[in-house]
Each structure stands twice: as structure tokens, then as C-alpha cells.
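Asker: So the chains spell out like this:
There are 2 protein chains.
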Amino acid sequence: MNAAREKAYDDDRASINLLGDLATLSRVKMLIDEKKKLNPKYLIVVGIGGSNLGTIAVQEAILGRQYNQLKTKIKVLYADTVDSDLIQNIISIVEPELQKGENILINGISKSGGTTETIANFEVLIDLLKKYKKDYEKYVVVTTDENSKFWSLAKEKGFSLLKIPKKVGGRYSVFSPVGLFPLGLLGIDIEELLKGAKLIRDQCLNIDSWKNPAALSASLIYLHAKQKKNIHDLFLFSIDLESIGKWYRQLMGESIGKEYNIEYKQVFNGITPTVSIGSTDLHSMAQLYLGGPYDKFTSFVSIEKNNSSIILPNYQKYSRLVKGMQGIKMSKIMNAIYVGVKTAFRKGKRPFIEIVLPDKSPSSIGQLLQLKMMEMMYLGFLLKVNPFDQPNVESYKIETRKILEGEKN
Amino acid sequence: MNAAREKAYDDDRASINLLGDLATLSRVKMLIDEKKKLNPKYLIVVGIGGSNLGTIAVQEAILGRQYNQLKTKIKVLYADTVDSDLIQNIISIVEPELQKGENILINGISKSGGTTETIANFEVLIDLLKKYKKDYEKYVVVTTDENSKFWSLAKEKGFSLLKIPKKVGGRYSVFSPVGLFPLGLLGIDIEELLKGAKLIRDQCLNIDSWKNPAALSASLIYLHAKQKKNIHDLFLFSIDLESIGKWYRQLMGESIGKEYNIEYKQVFNGITPTVSIGSTDLHSMAQLYLGGPYDKFTSFVSIEKNNSSIILPNYQKYSRLVKGMQGIKMSKIMNAIYVGVKTAFRKGKRPFIEIVLPDKSPSSIGQLLQLKMMEMMYLGFLLKVNPFDQPNVESYKIETRKILEGEKN
Numbered sequence: 263m264n265a266a267r268e269k270a271y272d273d274d275r276a277s278i279n280l281l282g283d284l285a286t287l288s289r290v291k292m293l294i295d296e297k298k299k300l301n302p303k304y305l306i307v308v309g310i311g312g313s314n315l316g317t318i319a320v321q322e323a324i325l326g327r328q329y330n331q332l333k334t335k336i337k338v339l340y341a342d343t344v345d346s347d348l349i350q351n352i353i354s355i356v357e358p359e360l361q362k363g364e365n366i367l368i369n370g371i372s373k374s375g376g377t378t379e380t381i382a383n384f385e386v387l388i389d390l391l392k393k394y395k396k397d398y399e400k401y402v403v404v405t406t407d408e409n410s411k412f413w414s415l416a417k418e419k420g421f422s423l424l425k426i427p428k429k430v431g432g433r434y435s436v437f438s439p440v441g442l443f444p445l446g447l448l449g450i451d452i453e454e455l456l457k458g459a460k461l462i463r464d465q466c467l468n469i470d471s472w473k474n475p476a477a478l479s480a481s482l483i484y485l486h487a488k489q490k491k492n493i494h495d496l497f498l499f500s501i502d503l504e505s506i507g508k509w510y511r512q513l514m515g516e517s518i519g520k521e522y523n524i525e526y527k528q529v530f531n532g533i534t535p536t537v538s539i540g541s542t543d544l545h546s547m548a549q550l551y552l553g554g555p556y557d558k559f560t561s562f563v564s565i566e567k568n569n570s571s572i573i574l575p576n577y578q579k580y581s582r583l584v585k586g587m588q589g590i591k592m593s594k595i596m597n598a599i600y601v602g603v604k605t606a607f608r609k610g611k612r613p614f615i616e617i618v619l620p621d622k623s624p625s626s627i628g629q630l631l632q633l634k635m636m637e638m639m640y641l642g643f644l645l646k647v648n649p650f651d652q653p654n655v656e657s658y659k660i661e662t663r664k665i666l667e668g669e670k671n
Numbered sequence: 263m264n265a266a267r268e269k270a271y272d273d274d275r276a277s278i279n280l281l282g283d284l285a286t287l288s289r290v291k292m293l294i295d296e297k298k299k300l301n302p303k304y305l306i307v308v309g310i311g312g313s314n315l316g317t318i319a320v321q322e323a324i325l326g327r328q329y330n331q332l333k334t335k336i337k338v339l340y341a342d343t344v345d346s347d348l349i350q351n352i353i354s355i356v357e358p359e360l361q362k363g364e365n366i367l368i369n370g371i372s373k374s375g376g377t378t379e380t381i382a383n384f385e386v387l388i389d390l391l392k393k394y395k396k397d398y399e400k401y402v403v404v405t406t407d408e409n410s411k412f413w414s415l416a417k418e419k420g421f422s423l424l425k426i427p428k429k430v431g432g433r434y435s436v437f438s439p440v441g442l443f444p445l446g447l448l449g450i451d452i453e454e455l456l457k458g459a460k461l462i463r464d465q466c467l468n469i470d471s472w473k474n475p476a477a478l479s480a481s482l483i484y485l486h487a488k489q490k491k492n493i494h495d496l497f498l499f500s501i502d503l504e505s506i507g508k509w510y511r512q513l514m515g516e517s518i519g520k521e522y523n524i525e526y527k528q529v530f531n532g533i534t535p536t537v538s539i540g541s542t543d544l545h546s547m548a549q550l551y552l553g554g555p556y557d558k559f560t561s562f563v564s565i566e567k568n569n570s571s572i573i574l575p576n577y578q579k580y581s582r583l584v585k586g587m588q589g590i591k592m593s594k595i596m597n598a599i600y601v602g603v604k605t606a607f608r609k610g611k612r613p614f615i616e617i618v619l620p621d622k623s624p625s626s627i628g629q630l631l632q633l634k635m636m637e638m639m640y641l642g643f644l645l646k647v648n649p650f651d652q653p654n655v656e657s658y659k660i661e662t663r664k665i666l667e668g669e670k671n
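Heads up: the sequence lines are chains A and H, in that order.
What the first sequence shows, in the numbering used here, is residues 263 to 671, in sequence order.
What the second sequence shows, in the numbering used here, is residues 263 to 671, in sequence order.
Just so you know, the hints here were simulated from the structure itself, not pulled from any lab data.
Heads up, a few of these hints could be off.
Given that identical chains are not distinguished, each listed pair holds provided it fits within a single copy or across any two copies.
As the list claims (entries may be wrong) - Listed below are the simulated BS3-like cross-link pairs for lysine-lysine, each with C-alpha atoms no more than 30 Å apart in a straight line:
| no. | residue 1 | residue 2 |
| --- | --- | --- |
| 1 | Lys579 | Lys395 |
| 2 | Lys362 | Lys337 |
| 3 | Lys594 | Lys395 |
| 4 | Lys411 | Lys591 |
| 5 | Lys594 | Lys291 |
| 6 | Lys527 | Lys609 |
| 7 | Lys303 | Lys335 |
| 8 | Lys362 | Lys591 |
Please put together the full structure from these sequences, using the hints given.
Answerer: What follows is the structure, encoded as C-alpha cells:
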């Protein structure tokens with residue numbers, strides 16, 4: 263890809279050049295060091311869609327979904343939608359800390375600088391912060407396009423600023439300051455994350471498609487879509503990866519779901535991304551996947567080595583209930599289920615590919631996300647749609663603006 | 263429906279009779295009172311699929327997704343799949359409490375009594391409990407079919423027991439002791455929950471289809487499925503309802519996804535249930551929903567009145583970023599977005615129905631779940647499939663058992 267060779271940000275595919283942007287990385291790391299000195303108890307990420315899905319995905323994959331309930335230094339909350347109960351709960355969680363004189367950080371993220379939900383939640387949380395901190399500006403970081411209206415407001419107010427390279431769209435921005443700042447602040451090794459992403463990026467630029475995992479994966483999804491498999495299930499055998507599935511929903515939904523193709527022909531193109539979790543969803547969706555219509559193509563993702571290892575006790579009496587589990591590693595049970603599912607899929611002629619990650623390290627997770635972003639660019643190419651825009655989203659936003667701007671309290 | 267009139271449990275549709283089962287309700291309430299006296303800090307629900315999806319759905323809808331992070335008396339953890347990192351995290355959260363001499367409760371739930379994941383996790387957690395409590399039996403409740411192997415083991419060990427009526431299948435069991443015990447223990451008014459369910463049940467038994475919301479909803483889903491809309495999206499405009507979506511995935515996936523119909527004809531029938539959250543997923547899936555293929559039918563669910571009300575501050579400078587929001591209620595913004603989406607769906611000829619709940623009270627949530635369960639029974643009838651079995655699930659379980667029983671450590 264030429265975009266990679268040019269190492270610049272003037273192409274829609276610019277996101278693949280985030281991985282070597284040392285200037286941005288050093289700016290992010292500097293700001294992380296600066297804000298860590300405030301010893302914050304909570305980081306509140308205020309953003310929606312491309313502004314928080316990648317961060318949640320990486321945070322949960324590496325630190326776990328129960329991260330906030332474990333003993334951790336800096337906890338994290340996500341304010342995305344304008345659901346008053348969500349925002350009230352966030353306030354109920356952080357306000358007691360502020361009352362005790364503790365600190366919190368607010369990272370407001372909006373590429374355009376005018377995202378309704380983000381600006382609304384940002385205002386409410388700034389209002390809270392101001393009640394407890396005279397010098398509240400130093401607890402706020404704004405991540406946005408340089409020279410957006412949010413950028414200039416932040417400058418006026420004296421908030422810290424991080425910029426998103428112009429051509430890097432929301433769903434491709436996890437390795438920009440959008441993701442790097444909050445992830446690094448939470449203690450994730452962002453250099454390892456980028457290193458993993460860079461490693462697979464180079465493989466995914468191979469012009470020999472057979473040696474290019476992103477092109478291969480895209481081709482298989484494409485060929486199955488042509489055979490009326492209009493659903494793509496990302497079936498993750500690791501509960502901590504669920505939010506990677508949600509991140510991928512945006513990536514596939516927005517990149518491939520298109521009314522018009524690149525030749526301006528009305529095509530109503532799209533593959534619906536779904537997310538399943540193994541073994542949990544075997545107890546809800548397996549009946550449909552094995553007995554239902556042949557309208558799906560599945561990508562399994564499994565983890566070779568979890569962070570922890572649990573061995574079942576040797577309770578012989580329980581072997582009456584399920585045989586073969588006494589004293590064995592829990593991972594062997596999960597593996598037996600996974601192999602069982604693949605065998606059943608094969609016997610039922612349900613098509614799938616599999617991705618096996620060695621572990622949930624920053625490097626492995628970085629590889630998975632970068633692979634998927636490049637897969638989507640290739641898939642857009644094969645389907646002749648532009649994987650970088652999202653024109654139809656405007657239609658509901660126009661209606662919403664009409665209502666809001668005509669609204670009286 | 264005759265099943266309702268007979269008020270018995272000898273029919274597959276028996277779940278609709280759970281709502282008037284006062285004997286079971288009083289047994290559950292008695293056990294809740296008994297276990298509350300132990301002053302538990304945590305309840306661990308050990309179950310998967312039909313054994314925990316309903317409980318999570320109701321708990322999060324009524325108590326909120328961030329329940330454990332709020333100041334609450336009894337926190338709740340769910341051990342479902344055999345993911346060692348999940349179980350290790352649960353241990354890391356509860357073990358410090360046990361070390362301090364605090365109490366925890368374990369509720370092991372398996373209808374058949376032989377669910378691999380549930381028995382494995384149950385054994386591991388019993389092992390933990392035994393380390394700290396000599397009289398560990400009294401902290402354990404087992405919910406299962408009467409006379410399953412799990413039932414007899416629990417009896418032998420002296421665990422408390424709750425039975426699931428035989429004909430009530432997992433995905434229809436939320437109003438049986440499967441859901442009622444944990445939900446009641448967490449302080450949810452289970453009588454109100456049942457009252458709401460009963461209220462809508464009676465409407466959903468109306469033989470006049472136009473006055474029967476379950477039959478109407480089923481008919482619309484059916485008619486759209488016949489027009490190749492093979493995806494049903496439950497689009498919930500309330501983040502706390504996400505797990506109701508996950509519960510519904512099982513309900514629809516297992517009930518309707520069928521290789522054979524009731525005439526033993528191979529049909530590979532099925533509608534794929536997906537879940538979207540408003541406004542969050544507008545920033546990931548709206549492009550596909552509005553620009554992509556016409557392969558979906560959408561059921562919107564919205565809440566008229568949230569538990570809390572937040573008013574945006576009157577920051578005039580921020581009106582440069584988004585107009586029309588200063589000093590207004592947050593719920594007005596969400597409503598403007600919801601109305602905007604419905605208008606865009608209408609203009610784009612994307613078919614939908616909507617369900618409006620007055621609030622997230624136990625009565626309203628009970629109504630929604632009961633409506634959906636009866637909708638699924640009618641949908642099975644229309645599609646000529648049995649909505650109560652899940653025969654294809656066996657295929658992967660057989661493979662898994664082969665591996666486990668041949669397994670050496």
C-alpha cells in the first residue's frame with residue numbers, strides 16, 4: 263500500500279501510519295506522566311462510537327472486564343450515551359471521592375468536536391468537577407481534531423489538548439491519542455500495543471495474498487457474503503474480548519454497510535456483524551448456529567494461554583454429574599468445548615475461520631485490532647465501497663437537530 | 263390457551279403458570295429471609311444460559327449495570343463460562359471478604375444438574391468456601407430439577423434446595439426459583455415483578471389477536487421473516503436493558519432456530535436476533551441500518567421515565583459546539599435522538615415496531631419479559647416449529663464429552 267510507504271496522514275488509509283508516529287507517542291506519554299502526578303482515583307472517558315469503543319476493547323481485553331472491582335490504582339468509567347441513569351451512576355461513584363478531596367480525570371473525546379452525547383455529558387461532568395476543584399482545568403484532557411470548535415474551546419479554558427490526525431476516522435483511531443492516552447494512563451504498555459500492531463501491519467501489506475492474513479480473511483468474508491451469508495459472527499472464546507466484538511461491529515457496520523458504492527450506484531450493501539462469546543453463548547445461540555439457516559460466516563478467536571490457571575478440585579462425588587473433570591485444568595474444559603464446537607460446525611457444514619492468539623498481552627491484542635482494521639480496508643476494496651465514510655448516519659442526526667434546536671425547556 | 267386455564271405444569275407452555283404459584287413464591291421468600299440473616303456481602307450466581315440470563319437481565323434493568331460499584335448491601339457476581347480469568351477475578355474479589363470473616367452465598371443453578379461449566383465453577387467455588395467456613399453448607403443454595411443428580415448430591419451435602427418445575431425450560435424460567443431467589447435476595451420486589459408479568463399474560467391470552475400484544479408482535483416478526491428479513495434487532499434505548507437483549511437472543515435463537523419443523527421436515531428455520539443500544543449503537547450500527555440491505559426488522563424499546571433526572575448546566579459557550587442543549591433535561595436529548603431515529607427509519611422504509619415502557623420498575627420489566635416469552639410461543643406456532651426444545655445443541659456437547667472423558671490430566 264502506498265499509504266504506508268508515504269508515512270503521512272493525507273490518505274484515508276492514514277490510520278496504518280499511526281504505528282510509527284513517535285512524535286504523537288511522546289506527546290501522549292508526556293501527558294500521561296503529567297496527569298499521573300495528580301494521583302487520580304478515576305478516569306472518566308467521555309466519548310461515543312469511535313471515541314471509546316477501541317479503548318473499552320483494549321482495556322477489557324488486557325485488564326479484564328471486572329477491572330474496577332479489583333484492587334486497582336486508577337479505575338475507569340465510560341460516559342457515552344445521554345442516559346441519565348448512566349450518568350447519575352457515574353456521579354454517584356465519583357462524587358464521594360471528590361468529597362474526600364481525591365482527584366478524578368475527565369478525558370473528553372470527539373473527533374468533530376460536536377458530538378451531541380459527548381458534549382452533553384462533558385458539560386455535566388465539568389459542572390460536577392467545578393464544584394470541588396477551583397483549578398478544575400488541570401483535570402481535563404480534550405482529544406479532538408486540531409482546530410475543531412471543541413479544540414478552540416479547550417484552548418480558551420486551558421484544558422490539556424491531544425489532537426487526532428485529520429484523516430484518521432473514528433473507527434480506525436484506537437492507536438491514535440483517542441485510545442493511547444486513556445490506555446496508557448491505566449497502565450497498559452502502549453508501546454507493546456503499537457509494536458504488535460506494527461508487526462501484523464507489515465504482514466498485512468504483503469502483496470502475496472496467500473501470505474497476507476488481512477487479505478485472506480477479507481477474501482473469505484467476501485466470498486461467503488456473495489453466497490448470501492449476510493451475517494458475520496465474531497465468536498470469541500474469551501469473555502474479556504466481548505468489547506473487541508463491539509468495536510468490530512462498528513468497524514464492519516460503518517465500513518461495509520453502504521447505500522452507494524464507489525461508482526455512485528445504489529447498492530444497499532452490507533454484512534451484519536454479530537458477536538458471540540464462548541462458551542456462554544453456546545447456551546443461547548448454538549441451537550440457531552447449528553440448526554438454523556445457512557446465512558452466517560463465523561470467525562472464531564481463541565486464546566492459547568490465559569493470565570491465570572485454575573485447577574478443579576478432585577471431588578470424586580461430583581463426577582456423577584459431569585465426567586472427566588476432576589483435578590484437571592479449567593482451560594482444558596474450555597478447550598474441549600471449543601474443539602467440540604469446531605467439530606460440530608464442520609459436520610454441519612457451517613463455514614468458519616479461526617484466529618488463535620497466544621495470549622491477551624498488549625502485543626497480541628494490538629495485532630488482532632490492526633489485522634481487523636486492515637481486513638476491513640481490503641473488504642471495502644473487494645465490495646467496491648468506501649470503507650472510510652458513513653454518509654447515512656447524517657439522516658437521523660438532521661432530524662435530531664431539528665428537534666433540539668426547536669426545543670424549549 | 264388451555265395451559266393457563268389448567269394452572270398446572272404438565273404442558274410445555276407451563277412457564278406461564280409460574281406467575282400464580284404461591285407455594286413456590288413462599289418457599290423462595292422463606293429461603294431469602296433465612297439467607298439474608300447470614301448478612302452476605304456477595305452472592306455468586308453459578309449458572310449459564312437459561313440459568314442466569316434472566317437474572318442478569320432483571321438485575322441490570324432494575325438495579326443498574328453499575329450496581330456493584332454503587333454503595334449496595336449485597337453485591338452480585340456471575341460465574342457462567344469456564345474462563346479461568348473470569349473465575350480468578352471472582353475469587354480475587356470475594357476472597358478478601360472471606361479473609362475478613364465476611365460471608366458470601368453461592369447459588370448453583372442447573373436444570374439438568376449436569377451442565378459442564380456450572381458444575382466445574384461450582385466445584386471451584388465450593389473449594390474456596392470450604393477453606394474459610396467449616397459450616398460451608400449453609401452458604402450454598404442449589405436450584406435444579408427435583409431428583410436430578412445435582413439435587414441428590416445437594417441433599418447429601420446438606421445444601422439448601424430449590425426446585426425448577428420439570429416442564430419449565432431454561433429460557434422460560436426467569437419467574438421460577440431460578441430468577442426469583444437471586445433477584446429477591448438482591449432486594450428486588452419479586453411480587454411486583456410477577457404482578458407485572460401476570461398483567462400482561464392475561465392480555466397475551468386474548469383470543470382477539472388485535473388486542474393481544476404478543477400475538478401482534480409475533481405476527482409482524484413472522485410476516486417480515488417471510489419477506490427475507492432474517493434478522494430481528496431488539497433496539498433498546500436504555501443502556502440498563504442491554505442484558506434483556508442478551509436474554510432475548512437465547513429466547514429467539516433457541517426457540518425459532520430449528521433444523522426440523524413440527525412435521526419432521528428439514529427446514530433450517532431461524533431468525534437471527536441482534537441487540538442494539540440507543541444512542542450508543544447509533545455511533546456504530548446506524549450506517550448499516552440506514553444504508554445497508556433490507557434484511558432486518560426492528561423492535562424498539564424505550565423508557566418514558568428514568569430513575570434519575572439530570573439537567574444540563576447553562577454553559578452558553580458550549581452552544582457553539584452543539585446547539586439547543588443548554589439548561590435542558592438530559593432525557594430531552596435522548597428523546598430527540600430517538601424520535602430522529604424513528605423518522606429516519608420511516609423515511610428509509612426500514613420496518614419497525616415500538617414498545618414503550620413507563621419506567622424500569624419491577625412491574626414494567628416483568629411485563630416486558632413475559633410479553634417476549636409469549637411472543638416467542640406464538641412465533642413458534644406461526645413458523646410451525648417447537649419453541650421449547652433445542653435438539654441441535656447436543657451435537658457439540660457430544661464432541662466435548664468425548665474429549666473430556668478421554669482426557670488425562
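Asker: Could you run down the list of hints and mark each one as holding or not?
Answerer: Structure-based check of each hint:
1. Proximity of Lys579 to Lys395 under the C-alpha cut-off of 30 Å is restricted to the inter-copy arrangement: shortest distance 20 Å between copies versus 60 Å within a copy.
2. For the identical chains of this complex, Lys362 and Lys337 are neighbours both inside a copy (16 Å) and across copies (23 Å), given an alpha-carbon limit of 30 Å.
3. Taking CA atoms no more than 30 Å apart as the test, Lys594 paired with Lys395 passes between copies only; the shortest distance there is 29 Å, against 52 Å inside one copy.
4. In the homo-oligomer, the alpha carbons of Lys411 and Lys591 lie at most 30 Å apart only across protomers (23 Å), although the nearest pairing inside one protomer, at 55 Å, exceeds that limit.
5. For the homomeric pair Lys594 and Lys291, neither the shortest alpha-carbon distance inside one copy (40 Å) nor that between copies (39 Å) is at most 30 Å.
6. For the homomeric pair Lys527 and Lys609, the shortest alpha-carbon distance between copies (20 Å) is at most 30 Å, but the shortest distance inside one copy (40 Å) is not.
7. Taking the shortest alpha-carbon separations for Lys303 and Lys335, both the intra-copy value of 7 Å and the inter-copy value of 23 Å come in at or below 30 Å.
8. Taking CA atoms no more than 30 Å apart as the test, Lys362 paired with Lys591 passes between copies only; the shortest distance there is 28 Å, against 44 Å inside one copy.
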